[in-house]
Amino acid sequence: MSISANTRRSDRVFLAGLSLIGAIYIVLILAMIAADVSFTTPAVLGSALRTPEIRHAIRLSLITCTLTAILSVWVAVPLGYLLSRTRFPGRRWVDAVLDIPIVLPPLVVGLSLLILFQMRLGGKSIERHFQDTLHLPVTYAVPSVVLAQFAVACAFAVRTMRVTFDQINPRGEQVALTLGCTRRSAFWRVTLPEARRGILTAGTLAWARSLGEFGPILIFSGATRMKTEVLSTSVFLELSAGHIEAAVAVSLLMVAAAILVLLLIRLMDNGSLPDDSTGKAKDR
Amino acid sequence: MIEVSGLSISAGAFSLTHVSFIVPPGQYTVLMGRTGCGKTTLLEAICGLRAVKAGRIKLGGREVTHLSPGQRGIGYVPQDKALFSTMTVREHLSFALEIRRAPATEIAARVCEISDLLGIGHLLVRRPAGLSGGEAQRVALGRALSFHPGVLLLDEPLSALDDQTREEMYALLKNIRQRTGVTTLHVTHHHGEAGRLADRVLVLEKGCVAPIPM
Chain U
0 MSISANTRRS DRVFLAGLSL IGAIYIVLIL AMIAADVSFT TPAVLGSALR
50 TPEIRHAIRL SLITCTLTAI LSVWVAVPLG YLLSRTRFPG RRWVDAVLDI
100 PIVLPPLVVG LSLLILFQMR LGGKSIERHF QDTLHLPVTY AVPSVVLAQF
150 AVACAFAVRT MRVTFDQINP RGEQVALTLG CTRRSAFWRV TLPEARRGIL
200 TAGTLAWARS LGEFGPILIF SGATRMKTEV LSTSVFLELS AGHIEAAVAV
250 SLLMVAAAIL VLLLIRLMDN GSLPDDSTGK AKDR
Chain H
0 MIEVSGLSIS AGAFSLTHVS FIVPPGQYTV LMGRTGCGKT TLLEAICGLR
50 AVKAGRIKLG GREVTHLSPG QRGIGYVPQD KALFSTMTVR EHLSFALEIR
100 RAPATEIAAR VCEISDLLGI GHLLVRRPAG LSGGEAQRVA LGRALSFHPG
150 VLLLDEPLSA LDDQTREEMY ALLKNIRQRT GVTTLHVTHH HGEAGRLADR
200 VLVLEKGCVA PIPM
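Residue numbers (numbering that gives the first Met the number 0), protein chains in the order written: chain U, 0 to 283; chain H, 0 to 213.
To be clear, the hints were calculated from the coordinates, so they are not data collected in a lab.
A virtual CB, placed ideally from N, CA and C, is assigned to each residue, including glycine.
Don't take every hint at face value.
Chain U is faced by these chain H residues, among others (derived, beta-carbon under 7 Å) [as the list claims (entries may be wrong)]:
| id | residue |
| --- | --- |
| 1 | 20 |
| 2 | 46 |
| 3 | 81 |
| 4 | 84 |
| 5 | 85 |
| 6 | 95 |
| 7 | 99 |
Label-pair distances were calculated between CB atoms; the ranges are [to be verified]:
| id | chain 1 | residue 1 | chain 2 | residue 2 | range |
| --- | --- | --- | --- | --- | --- |
| 8 | U | 77 | H | 66 | 22 to 28 Å |
| 9 | H | 97 | U | 27 | 53 to 59 Å |
| 10 | H | 209 | U | 77 | 42 to 48 Å |
| 11 | U | 20 | H | 166 | 54 to 60 Å |
| 12 | H | 118 | U | 184 | 25 to 31 Å |
| 13 | H | 111 | U | 134 | 58 to 64 Å |
Turn these sequences into a full structure, and let the hints guide you.
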């Protein structure tokens, strides 16, 4: 056997080994979804999704996830820009702090929010301040759902926006400055439009992350039917009550939403390949 | 006129110290030097994009050392062109005038004039992704010239072009100079460009700028 034939055979064995190991995980993911689908029928799915509790949870999930996504983008754009474009004392610390919600156990996020809102400030709790000044109950009410989702989802949006601004050539903004822009107008007129796909991705990611959030909501908002129940808490409540079909129906709905969001993100990423005008200058 | 005197710039581990030179009014000066010698750093300092540690920069007799980039009246074409990917060619050419709140009729007239000068009238609705290297370079030049700057700074503007396009750009740059009389500092490491375009050639070597005979 020739050397080149041996090399080709060795390459094939190597790649086959890698593929086999990778396939185990791919099969596990697809098997989980297939198991959910095979567990139910369209009729059971339809009747479960028509119950008032689950329809309320769907509605609340859509509203809170959308609010969280908007809030997350609103915070992530300035924070991502500052981290990408500026150097300031403590920048590394700020960067590290932004990883905390990502690595913290979800239940701990919820517990921390609960404790924070019970902390006393000027003689009364922060919760009481919100109720007195804004007439807005937070803990165990709808605002707590948004806040619990925001506490985690925003960190992902900030990471996305930072990478987005890192990938945009700062030279465009610099040229805008020489053309008469202030830093603010260069940001609004040049950088922000170029970041639009990143903004959409950050918002979509925050939305998807919020949809799956469970631990912080359970602790900080409770799981009260027709009040603070979102889709992730519906799965928990239906399972607790022994209604496995309903739990699977809600799960499938969330799987469909997750796949839709993933497709959207992939579509946006494919449209954002850098062209030569965004390549970074290398010469000094 | 560009007057740089005793300029010191620091960029990380790299620095330039006590750099001085003059580009007389209306002159086309080519600044040469090896890659990494600090040509781009020097242009950025003149533009106001890089802080200077010491020294002075005067443009047309006006001290600009501590002015913001937009107050200096410089048309700047960076090496990578840095076109705005979301804007059309027309929007590039009108950008600086819109910032200056020029009347719409004046902007339209200037876009027409500059696109004629650069031969890009047929590209006005295109975005950078649909332009060739030569076309993109013309747009970058047009954007820099659109607001009648007193000084034009070109950072290796012909470096990524094929021979034929380069020839076209030589003719175009000569025509621009003839029509506008703008004082130009053109940075390159290409001797051919200096020979074809320059009134005077300066070389940046070991932190010093000195004229070299043509």
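Right, here's what the structure says about each hint:
1. Interface hint status for residue 20 of chain H: violated, as the beta-carbon distance to the closest one in chain U is roughly 18 Å, over 7 Å.
2. Hint status for residue 46 of chain H: holds, given a least beta-carbon distance of 5 Å to chain U, under 7 Å.
3. Because the smallest distance between the Cβ of residue 81 of chain H and any Cβ of chain U comes to about 4 Å, under 7 Å, the interface hint for this residue holds.
4. Below 7 Å, beta-carbon pairs count as interface contacts, and residue 84 of chain H has one with chain U at about 6 Å; its hint therefore holds.
5. Look at residue 85 of chain H: its Cβ gets to within about 4 Å of chain U, closer than 7 Å, so that hint holds up.
6. With its C-beta approaching chain U no nearer than about 4 Å, residue 95 of chain H sits inside the 7 Å limit, and its interface hint holds.
7. Among the interface hints, the one on residue 99 of chain H holds; its C-beta lies about 6 Å from the nearest C-beta in chain U, closer than the 7 Å criterion.
8. Between residue 77 of chain U and residue 66 of chain H the beta carbon distance is about 27 Å. The supplied range of 22 to 28 Å therefore holds.
9. Roughly 55 Å separates the CB atoms of residue 97 of chain H and residue 27 of chain U, a value that falls within the hinted 53 to 59 Å.
10. At about 47 Å, the beta-carbon gap between residue 209 of chain H and residue 77 of chain U stays in the expected band of 42 to 48 Å.
11. About 56 Å separates the C-beta atoms of residue 20 of chain U and residue 166 of chain H, a value consistent with the hinted range of 54 to 60 Å.
12. Distance hint for residue 118 of chain H and residue 184 of chain U: a CB-CB separation of about 30 Å, consistent with the stated range 25 to 31 Å.
13. Checked against the given bound of 58 to 64 Å, the beta carbons of residue 111 of chain H and residue 134 of chain U, roughly 59 Å apart, stay inside it.
Violated hint for the displayed structure: number 1, the only one.
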